[in-house]
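Residue strings, one per chain:
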Amino acid sequence: MIQVNMPQNEQTTQSNLQNIRQLGQMNLPDGALPFHVLPIIGQVEGHMVLPPRNKTTKYEHVIPQLVAIEQNPRIKGLLIILNTVGGDIEAGLAIAEMIRTMSKPTVSLVLGGGHSIGTPIAVAADYSYICETATMTIHPVRLTGMVIGVPQTYDYLDKMQERILRFIVENSRIPMEQLREMMFRTGELVRDVGTVLIGEDAVRCGLIDQIGGLGDAIERLQSFIMNPHLVRKNTFRPLPQPGFYN
Amino acid sequence: MLYTIVPYDDIFSETDSIANRQEITIGGVIMQIEPGEGNLGKISRLISTNPQDYLNPRYQPGTIVFFTE
Numbered sequence: 001m002i003q004v005n006m007p008q009n010e011q012t013t014q015s016n017l018q019n020i021r022q023l024g025q026m027n028l029p030d031g032a033l034p035f036h037v038l039p040i041i042g043q044v045e046g047h048m049v050l051p052p053r054n055k056t057t058k059y060e061h062v063i064p065q066l067v068a069i070e071q072n073p074r075i076k077g078l079l080i081i082l083n084t085v086g087g088d089i090e091a092g093l094a095i096a097e098m099i100r101t102m103s104k105p106t107v108s109l110v111l112g113g114g115h116s117i118g119t120p121i122a123v124a125a126d127y128s129y130i131c132e133t134a135t136m137t138i139h140p141v142r143l144t145g146m147v148i149g150v151p152q153t154y155d156y157l158d159k160m161q162e163r164i165l166r167f168i169v170e171n172s173r174i175p176m177e178q179l180r181e182m183m184f185r186t187g188e189l190v191r192d193v194g195t196v197l198i199g200e201d202a203v204r205c206g207l208i209d210q211i212g213g214l215g216d217a218i219e220r221l222q223s224f225i226m227n228p229h230l231v232r233k234n235t236f237r238p239l240p241q242p243g244f245y246n
Numbered sequence: 001m002l003y004t005i006v007p008y009d010d011i012f013s014e015t016d017s018i019a020n021r022q023e024i025t026i027g028g029v030i031m032q033i034e035p036g037e038g039n040l041g042k043i044s045r046l047i048s049t050n051p052q053d054y055l056n057p058r059y060q061p062g063t064i065v066f067f068t069e
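Chains A and B are the protein sequences, given in the same order.
When the first sequence is numbered by this note's numbering, its final residue is 246 and no position is left out of the sequence of numbers.
When the second sequence is numbered by this note's numbering, its final residue is 69 and no position is left out of the sequence of numbers.
None of these hints come from the bench; they were simulated from the model.
No incorrect hints appear here.
Below, computed lysine to aspartate or glutamate pairings styled on EDC-like, alpha-carbon distance capped at 16 Å: (1) A:Lys55 x B:Glu14; (2) A:Lys55 x B:Asp10; (3) A:Lys58 x B:Glu23; (4) B:Lys42 x B:Glu23; (5) A:Lys55 x B:Glu34; (6) A:Lys55 x B:Glu23; (7) A:Lys159 x A:Glu90; (8) A:Lys58 x A:Glu90; (9) A:Lys104 x A:Glu70.
Sequences are here, hints too, so could you generate the full structure?
Right under this line is the structure:
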């Protein structure tokens with residue numbers, strides 16, 4: 001168990017006393033949680049700063065946090081909580097790759113939504129949960145005119161899409177054919193191709209490991225921390241098939 | 001390049017303005033504040049992976065903090 005040490009100097013003691021006197025409130029004891037929590041909310045923000053009306057999870061915050069968690073010997077595991085509408089491909093895949101290659105146990109929980117680029121982040125963890133009411137949308141990468149400094153061709157879009165599909169397949173139990181079929185399915189989304197998976201659907205197709213909530217996710221992480229041999233690190237790397245990238 | 005379910009028009013529309021937020025670090029915790037008068041600001045969001053930071057009464061959203069540039 002780790003101890004989160006806070007400087008217990010005079011100032012802190014004084015503010016504690018003030019809190020008790022003014023608010024009748026006692027400061028909570030320093031927690032002894034062995035794991036940290038990474039919330040991925042709103043838009044995943046990468047190379048481009050999004051207008052302030054968007055709620056974002058910024059790449060420049062998340063990456064150093066992940067490095068610190070990996071390096072800090074007192075932190076034994078990581079819980080990733082997703083409620084995201086997607087976002088930057090490069091940032092999303094970078095975060096997903098960092099989670100996948102961490103040496104410490106990781107568990108993800110999809111609450112609300114884990115759409116678009118949230119999917120690779122969710123499957124990157126050693127074990128993934130989705131709650132019954134959460135949804136995940138699988139849809140094609142679209143031509144939008146927002147590519148920076150890269151010739152925007154159909155070929156390029158296709159390669160971006162392949163990166164995402166491949167990462168998901170390598171880190172979950174879903175077969176490539178099924179994932180691709182879901183991505184281009186018609187009749188599920190209004191005016192668009194793709195598939196919406198609600199809770200159980202994501203487990204049934206092999207994308208997510210189990211239905212569960214906060215308690216389940218924390219219990220799983222605790223058991224991984226206590227029994228590291230239970231963790232199956234994602235090591236599955238299929239050889240590139242001929243013609244995979246055209 | 002974005003991969004999201006939110007239409008681009010919604011992401012990049014500049015219609016309504018939202019109070020500007022500033023990022024500061026207090027006690028090693030990154031937080032977003034809404035700057036007020038002088039060097040006072042109101043905490044609007046913590047950016048930390050340590051769940052205990054969110055229980056710290058001094059870091060609760062809405063708390064007025066004093067910060068130096």
